[in-house]
Amino acid sequence: MTQNELEKIEISTQPKRTNPLANVFDDLVRFCRSRSMFMLHYCTGCGAIELPPAMTSRFDMERLGIQPMVTPRQADILLITGYVSIKTLKRVILTYEQMGSPKYVIGICSCTVNGGMYWQSYATAKKLDEYLPVDLYIAGCMPRPEAVMEGMQQLMQKIKTGEADSWKKYYSHYDYYLGNQQQLFGNNWQTPTDIIGEAESYQLMGPQTLGEHTKILQQVQKPLEPLEMKL
Amino acid sequence: MNETLLTILEVIFMPVVAFVIGLFMVLMMRKLAARLQRRVGPPLMQPFYDVIKLYGKQTQISHGLIHDIGIIMAVGGYVAAESLLPVPGMDGIADKGGIVMLAYLTMIPSLGLALGVGQCANPNGSIGISRALTSMLAYDIPYIIVIFGVAYHFGSTNLIDIIDTQQAGGVATWGISEMPVLAIAGLFALHASLGKQPFEIYIAPAEIATGPMVEMGGKYLGGLFVMQSFQLYTASVLYVSLFLGGGENWITFLLKCFAVLAIPIIIAYLFPRYRTEDLVRLVWKWPVMLALIGVAFVMT
Amino acid sequence: MNFLDGLLILSLLSVIVTGFAQKLRSAGWLSSVLLGLQCLLLMGMAGLAYGSPAVSSSFSVSVLGQPLHWQFNALSWFFALITLASALASSVYAAGAWGEDYRLQGGNPGLLQFALNLNVFAMLLLLASGDLLSLFVGWELVSWASLLMMVLAGGAAGRFGLRYIVYATAGAMAVMTGLVMIFQLTGSFQFADFAAIAPSLSNAQVVTFTLLFVFGFGVKMGLLPFHLWQADAYAETPGPGAAFLGAISSRMGLFAMLILVIQLIGLGRLINIEVPYSFFSLRDVLMWVAAFTIIFPTFTAMRQNDARLLLAWHGIGQGGYMLMGLLMVNPLGSAGGLMHVFNYASYQAVLFLVVTAVIYRTRTADLNQLGGLVTRMPLSFLMMLICIIGLAGIPPMNGFVSKWLIYRSLIVEGMPLLFVASVVGTLGTILSVYKLIHNTFLGQLRLEHEQIREVPWSMMIPMLILSAVVFITGFLPGIVLDWVASAQAALGIPVLEHTLGGVESPSGNLDMIWICSVLFGGFAVGALVFYSGNKSRRVHQLDNYAGGHFLTADDRYHYSNNFYAGLMHHIGHWYRGTFQWLESSLGSAISLLSAATQMLFNSFHPALFLLLAATLSLLFFAG
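Just so you know, the protein sequences line up as chains A, B and C, in that order. Taking the numbering used here, the leading residue of the first sequence gets 13, the next gets one more, and so forth. Taking the numbering used here, the leading residue of the second sequence gets 35, the next gets one more, and so forth. Taking the numbering used here, the leading residue of the third sequence gets 39, the next gets one more, and so forth.
Note that these hints are calculated values from the structure, not bench results. There's no promise every hint is true.
[To be verified] Simulated DEER-style distance windows between Cβ atoms:
1) B:S211 <-> C:G452: 15 to 25 Å
2) A:F37 <-> B:Q71: 34 to 44 Å
3) C:G610 <-> B:L289: 40 to 50 Å
4) B:F305 <-> C:L631: 53 to 63 Å
5) A:K172 <-> B:R69: 19 to 29 Å
6) C:D520 <-> B:P214: 40 to 50 Å
7) B:R72 <-> C:A562: 57 to 67 Å
8) B:P306 <-> C:G452: 39 to 49 Å
9) A:K227 <-> C:G586: 19 to 29 Å
[Stated by the list, open to error] Which bits of chain B does chain C cover? Going by a derived footprint, with three or more residues having C-beta under 8 Å, they are:
10) 64–75
11) 142–149
12) 160–167
13) 179–192
14) 241–251
The model shown is predicted, which means the values in this text are computed figures rather than measured ones. Positions of the beta carbon are idealized from the N, C-alpha and C atoms, including for glycine.
With the hints as extra help, turn the sequences into a complete structure.
Set out below in structure tokens:
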């Protein structure tokens with residue numbers, strides 16, 4: 013499957029519930045999600061330098077309810093701010109998988125879009141969205157804080173309307189992403205998070221969650237069952 | 035029978051009030067921090083957004099049953115503790131326990147959190163708990179001396195009696211005018227117990243990745259947010275009850291509570307963080323010394 | 039023949055039977071049944087705890103014209119209940135799977151059961167003592183019986199047992215000196231005779247008696263500075279034995295001290311004796327001894343890396359609370375002290391048993407070699423949790439109630455520094471028990487412990503029942519306070535007014551029924567809020583934040599060693615081992631003295647000494 017095909021796929025958005033009260037509740041939760049975004053800035057490259065002004069007194073992201081967090085478990089947004097080397101990418105994927113859904117990825121700087129000035133580097137991942145579903149790119153080398161804020165607001169809009177659900181794509185098309193990851197890291201590639209298991213338990217399995225690549229994974233995978241309490 | 039029913043209603047209602055006030059205290063804290071850093075700060079309902087969003091997360095990650103129970107204990111312990119804190123018009127079960135009881139009951143949420151974090155199997159969290167317990171060992175000593183002094187002064191450990199005595203005599207009989215040294219020591223201990231800078235050793239985001247919160251996401255983190263708002267509420271209401279005559283009515287009560295909390299918060303955001311041993315040294319030296327002097331004044 | 043006769047005779051019989059049945063495979067169950075029967079007989083005397091008059095045994099012995107007789111009052115009953123209950127729990131625990139395992143390890147579970155019964159018999163005899171002579175006989179029996187328990191496993195335990203017996207002998211000497219002095223004053227060993235002349239004793243005599251008895255019995259209790267023998271000796275005793283010794287054995291010292299110092303001499307005398315050049319009365323000095331007994335051992339416990347040692351050190355520390363409470367004139371304080379004996383025994387026994395259960399499965403009690411066992415031994419975890427909450431004195435467990443009573447009386451009597459000392463002890467306890475539960479049950483599960491299972495029911499049931507006691511007597515402290523109040527009456531000190539839920543007094547109430555109900559209501563609300571969120575999914579322990587590092591099973595991702603590193607940066611250098619140094623220098627001084635004497639003896643002709651000694655003694659007797 014190519015990138016273009018993937019983009020065409022519509023993620024089945026949750027159908028509107030019939031109960032009007034439940035709809036109000038869903039709207040409320042979506043609204044709160046949009047107004048309270050905890051971000052994990054994975055400062056891989058030069059773009060990180062644009063974030064401090066966006067967070068501090070000049071632009072003050074906290075007005076929009078955005079605040080920095082420390083570990084992936086706590087965060088909603090993963091900010092990738094610059095080029096992603098192969099070695100870094102492994103950590104980015106690990107981090108992304110540890111975040112709780114709904115989670116959003118923002119690629120900042122041109123490097124995340126197409127490799128930017130590292131296009132010719134053998135050690136850099138060119139397109140971030142081959143490995144992770146990216147919700148929003150903020151292009152530029154580097155984008156100014158105003159652009160970052162603008163991007164954040166766009167993401168807020170998308171969350172509020174319920175469009176920003178590309179995290180579901182990671183579950184429903186895991187095979188595609190895993191395939192690209194395996195291409196880079198080899199067939200022994202495995203993260204500690206059991207994505208297939210998660211997809212099953214949250215009913216997020218799609219037609220392409222499983223495929224040839226997940227088969228390879230399941231062959232080499234070290235078991236990841238949680239430690240059950242035994243009496 | 036009727037009285038029992040009324041008490042039960044109060045016990046149900048008091049934590050709700052505490053939660054709402056506590057969320058606004060969190061808001062005040064963030065607003066003050068923002069103002070001190072010349073920012074605008076979060077909107078009015080930000081703490082609500084945060085809590086609702088966290089509970090509404092679709093995937094929740096648990097490290098086991100004790101992880102879950104820890105959060106339940108952390109929230110539930112404070113829910114119970116709030117009914118021991120008299121507020122205007124509601125006494126709850128304050129006459130069944132008293133301040134010593136309250137001091138120990140508020141350890142239950144911390145214990146719950148400690149257990150939950152322990153199950154996460156993350157050394158950052160364990161280090162955080164070891165530091166949190168160390169800082170508890172540090173600030174509880176002046177805190178307990180202050181409680182002793184106040185209880186001895188009013189001749190009771192019952193918070194209702196303590197508040198009534200102060201309200202009957204007016205400002206001149208408030209704890210703060212009768213025992214100013216103890217009041218200062220108490221404020222110091224309160225500041226340390228909030229776990230804000232410079233006593234923020236167990237969160238220490240840049241050092242141990244927020245310590246106890248390291249593996250907490252979704253409703254787990256939401257539970258901790260709730261716990262924090264309860265914690266702010268409990269600390270300030272207890273201080274107001276001991277030293278500022280409690281609340282005659284809701285307006286003065288809230289004013290006092292927010293004012294008491296504002297002092298340590300304003301100080302907090304002007305400071306970086308101490309190291310653990312420096313914190314222990316500092317807290318065992320100044321507030322303990324002040325509290326002992328205060329108790330000596332009270333007892334002579 | 040009354041219940042007391044029956045109890046003492048049955049107890050003696052049990053010693054004989056278990057002594058002969060050691061090799062039997064079912065010796066353990068036999069001993070449990072015998073102990074259970076003794077419990078029933080004790081229950082027959084339950085009226086004692088609710089105001090019945092004391093029961094005297096119908097037999098008595100006469101030694102050198104001095105009658106020895108035995109009797110039971112509410113105080114004896116209270117202590118006997120704790121003794122028999124903890125013995126029964128330990129016996130059942132040792133009778134089942136643990137005993138089998140112990141046999142396979144090369145131990146002799148029958149001998150352990152025999153030692154248990156012997157200890158129980160000795161203790162019952164001590165508790166039933168009706169005069170000073172029978173008290174002393176009981177005391178000596180208790181000392182030697184617990185030595186048997188300590189050394190039966192051999193090895194390191196034997197060495198520590200010997201250390202214990204040196205202390206115990208010194209203590210017994212002091213007690214005997216005191217008793218002889220009393221005999222010279224009164225001409226009899228009856229309690230009543232001594233009590234009659236106690237008010238007319240001079241201050242110097244009171245001080246002498248108090249110091250002799252506090253030293254003599256304090257050694258057993260592990261009062262500072264005579265505590266060094268205890269932790270090692272208890273920790274090395276085989277599990278159920280350690281649980282029994284840890285729960286009750288040391289409290290015999292407290293019992294004897296109660297009789298002699300508080301009942302017979304009376305606190306009033308101690309308060310009136312001023313220590314020269316200070317504000318302190320003799321009572322205050324003893325209270326400070328109790329306070330230091332709380333603090334130092336507790337903070338020593340915090341540094342231990344062996345779970346058994348950690349618990350044993352806490353045992354010493356908790357003894358300080360009991361003594362501190364009982365030295366208070368206030369009925370709140372003495373009730374707290376007495377209740378703490380019960381409470382402490384209930385959770386300490388379980389804690390030792392849980393640690394033994396962990397050793398049974400993992401073969402180690404090293405806190406740096408464990409971790410994450412909660413998923414494999416969840417019930418044991420629960421037992422330990424309940425009991426550490428008790429030990430730390432946090433509501434809703436029973437340990438809180440007794441400590442609350444002690445704090446409350448310290449506030450009422452206006453003793454800020456002692457109050458702070460007791461709270462510091464509690465805080466130290468919280469720190470070290472969290473270390474205990476974290477390092478054994480929480481954190482990362484080690485690879486070699488993946489296949490561990492929960493311990494069998496024969497081990498689990500005693501723990502379950504005892505920890506139920508910890509919780510129930512915390513929820514309804516009035517049950518124990520009834521017994522405590524009767525014991526107070528038997529001691530002749532002011533009796534605590536109490537309710538089923540705690541204490542009602544004009545200066546502050548305690549109602550554990552309300553508090554516990556609200557607390558559990560709070561937990562219910564917490565659970566409701568928690569489970570209203572989306573369902574959570576369990577993840578593997580290696581799916582964990584490590585700053586982007588890929589964790590594997592080979593990584594030890596667990597924090598256990600030097601658990602309170604920051605605190606130790608500050609207070610670490612305060613641990614100087616002063617008491618160790620004191621003990622060893624005393625030891626060297628004695629060995630130097632004995633070497634010198636030996637040299638003197640060897641350098642002259644030994645026969646000359648013999649002649650000299652014979653002449654002198656002849657002169658003495660003739661003259």
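Hint-by-hint comparison with the structure:
1. B:S211 <-> C:G452: 15 to 25 Å: holds (22 Å)
2. A:F37 <-> B:Q71: 34 to 44 Å: The hint (34 to 44 Å, Cβ to Cβ) holds, given that A:F37 and B:Q71 are roughly 35 Å apart.
3. C:G610 <-> B:L289: 40 to 50 Å: holds (45 Å)
4. B:F305 <-> C:L631: 53 to 63 Å: Given a distance of about 60 Å, which is inside 53 to 63 Å, the answer is holds.
5. A:K172 <-> B:R69: 19 to 29 Å: holds (28 Å)
6. C:D520 <-> B:P214: 40 to 50 Å: At 45 Å between Cβs, range holds.
7. B:R72 <-> C:A562: 57 to 67 Å: This hint is violated: roughly 45 Å between Cβ atoms.
8. B:P306 <-> C:G452: 39 to 49 Å: Taking Cβ atoms as reference, B:P306 and C:G452 lie about 41 Å apart, which means the hint holds.
9. A:K227 <-> C:G586: 19 to 29 Å: holds (27 Å)
10. 64–75: violated (count 0)
11. 142–149: Answer holds; 4 residues pass the 8 Å Cβ test.
12. 160–167: holds (count 6)
13. 179–192: holds (count 9)
14. 241–251: holds (count 3)
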